[in-house]
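Colleague: Generate the whole structure from the sequences, applying the supplied hints.
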Amino acid sequence: MPKEAGQGFGFGLGKMRELADAFRKAQEVQQGAKLLQEELEQMKIEGTSTDGTVKVVMSGNQEPLQVEISPDAMSQGAEALSETVAEAMKDAYQKSTTTMRERMEALTSGLNLPGMG
Numbered sequence: 065m066p067k068e069a070g071q072g073f074g075f076g077l078g079k080m081r082e083l084a085d086a087f088r089k090a091q092e093v094q095q096g097a098k099l100l101q102e103e104l105e106q107m108k109i110e111g112t113s114t115d116g117t118v119k120v121v122m123s124g125n126q127e128p129l130q131v132e133i134s135p136d137a138m139s140q141g142a143e144a145l146s147e148t149v150a151e152a153m154k155d156a157y158q159k160s161t162t163t164m165r166e167r168m169e170a171l172t173s174g175l176n177l178p179g180m181g
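Residue numbers (the working numbering): 65 to 181.
In case anyone wonders, no lab produced these hints; they're calculated from the structure.
Fair warning: there could be bad hints in the mix.
As the list claims (entries may be wrong) - The list that follows gives simulated cross-link-like pairs (lysine to any residue, SDA-like), each with its CA atoms no further than 25 Å apart:
hint, residue 1, residue 2
1, Lys119, Arg165
2, Lys119, Ser146
3, Lys108, Gln158
4, Lys108, Ser134
5, Lys79, Val93
6, Lys119, Glu143
7, Lys119, Val149
8, Lys159, Glu169
9, Lys119, Glu147
10, Lys98, Ala86
11, Lys159, Glu110
12, Lys159, Gln106
13, Lys89, Glu103
14, Lys159, Val149
15, Lys119, Glu102
16, Lys79, Gln91
17, Lys108, Gly96
18, Lys119, Lys154
19, Lys79, Glu92
20, Lys159, Gln101
21, Lys154, Val121
22, Lys159, Met107
23, Lys119, Gln130
24, Lys89, Leu171
25, Lys159, Leu99
26, Lys108, Ala150
27, Lys154, Ile133
28, Lys98, Gln126
29, Lys119, Glu132
30, Lys108, Ile133
31, Lys154, Gly111
32, Lys119, Asp136
Said to hold, decoys possible - Quick list of the computed label-pair ranges, beta carbon to beta carbon:
hint, residue 1, residue 2, range
33, Thr163, Gln91, 22 to 28 Å
34, Val131, Lys79, 53 to 59 Å
35, Glu127, Glu169, 18 to 24 Å
36, Glu82, Gly116, 51 to 57 Å
37, Leu171, Ser134, 33 to 39 Å
38, Ser173, Leu83, 17 to 23 Å
39, Ala84, Thr162, 30 to 36 Å
40, Arg165, Asp136, 31 to 37 Å
It should be emphasised that the depicted structure is a prediction, and the values quoted were computed from it without experimental measurement.
For glycine and all other residues, C-beta sits at the position ideal for the given N, C-alpha and C.
Modeller: The structure is reproduced here in structure tokens:
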């Protein structure tokens, strides 16, 4: 029995259009991800200790860029200073991961990608 015209390989034009749209969206996401990577590299995200005596600056890719330690923090002693620096680093890290996640969610919003739910 001959196939009807336009039936192709078992899926019609609607499926082909969906597939073409999916490829186009994937290319847009890939380009957007490249731009996002460049943007994250240029970002400066600050984290501070709870007492405000230490500030850490990281890129959006979590690369440490700068540490500022106030004289008050220096006078606390080595152990306390170590804890204060760690607090500021954790704060900067959490802010950078939140920023990265939000930017990725914005980039992929509207796409029904498997595993991205």
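Colleague: Taking the hints in turn, state whether each one holds.
Modeller: Against the structure, the hints come out as follows:
1. Lys119 - Arg165: holds (23 Å)
2. Lys119 - Ser146: OK: lysine 119 and serine 146 at ~13 Å, within 25 Å.
3. Lys108 - Gln158: Holds, because 13 Å separates the two Cα atoms, which is no more than 25 Å.
4. Lys108 - Ser134: holds (20 Å)
5. Lys79 - Val93: holds (21 Å)
6. Lys119 - Glu143: The given pair, whose Cα atoms are some 17 Å apart, holds under the 25 Å limit.
7. Lys119 - Val149: holds (8 Å)
8. Lys159 - Glu169: holds (15 Å)
9. Lys119 - Glu147: Given that 25 Å is the threshold and the Cα spacing comes to 13 Å, the pair holds.
10. Lys98 - Ala86: holds (18 Å)
11. Lys159 - Glu110: holds (8 Å)
12. Lys159 - Gln106: holds (15 Å)
13. Lys89 - Glu103: holds (20 Å)
14. Lys159 - Val149: Given pair lysine 159, valine 149 holds - Cα atoms ~16 Å apart, limit 25 Å.
15. Lys119 - Glu102: Status holds; Cα separation ~24 Å.
16. Lys79 - Gln91: holds (18 Å)
17. Lys108 - Gly96: Distance ~20 Å between lysine 108 and glycine 96 Cα, so the pair holds.
18. Lys119 - Lys154: Since the Cα atoms of lysine 119 and lysine 154 sit roughly 11 Å apart, the hinted pair holds (cutoff 25 Å).
19. Lys79 - Glu92: Holds, at roughly 20 Å.
20. Lys159 - Gln101: OK: lysine 159 and glutamine 101 at ~16 Å, within 25 Å.
21. Lys154 - Val121: holds (11 Å)
22. Lys159 - Met107: holds (12 Å)
23. Lys119 - Gln130: Given that 25 Å is the threshold and the Cα spacing comes to 8 Å, the pair holds.
24. Lys89 - Leu171: holds (10 Å)
25. Lys159 - Leu99: Given pair lysine 159, leucine 99 holds - Cα atoms ~20 Å apart, limit 25 Å.
26. Lys108 - Ala150: holds (18 Å)
27. Lys154 - Ile133: holds (15 Å)
28. Lys98 - Gln126: Holds: lysine 98 and glutamine 126 sit about 17 Å apart, inside 25 Å.
29. Lys119 - Glu132: holds (5 Å)
30. Lys108 - Ile133: With Cα atoms ~17 Å apart, lysine 108 and isoleucine 133 stay inside 25 Å; holds.
31. Lys154 - Gly111: Roughly 7 Å between the alpha carbons, so the hint for lysine 154 and glycine 111 holds.
32. Lys119 - Asp136: Holds, because 13 Å separates the two Cα atoms, which is no more than 25 Å.
33. Thr163 - Gln91: 22 to 28 Å: holds (25 Å)
34. Val131 - Lys79: 53 to 59 Å: Given range 53 to 59 Å: holds, Cβ gap about 55 Å.
35. Glu127 - Glu169: 18 to 24 Å: holds (22 Å)
36. Glu82 - Gly116: 51 to 57 Å: Holds, at about 53 Å.
37. Leu171 - Ser134: 33 to 39 Å: Given a distance of about 38 Å, which is inside 33 to 39 Å, the answer is holds.
38. Ser173 - Leu83: 17 to 23 Å: Check passed, 21 Å falls within 17 to 23 Å.
39. Ala84 - Thr162: 30 to 36 Å: holds (35 Å)
40. Arg165 - Asp136: 31 to 37 Å: holds (33 Å)
The earlier numbered hints are all upheld by this structure, with none contradicted.
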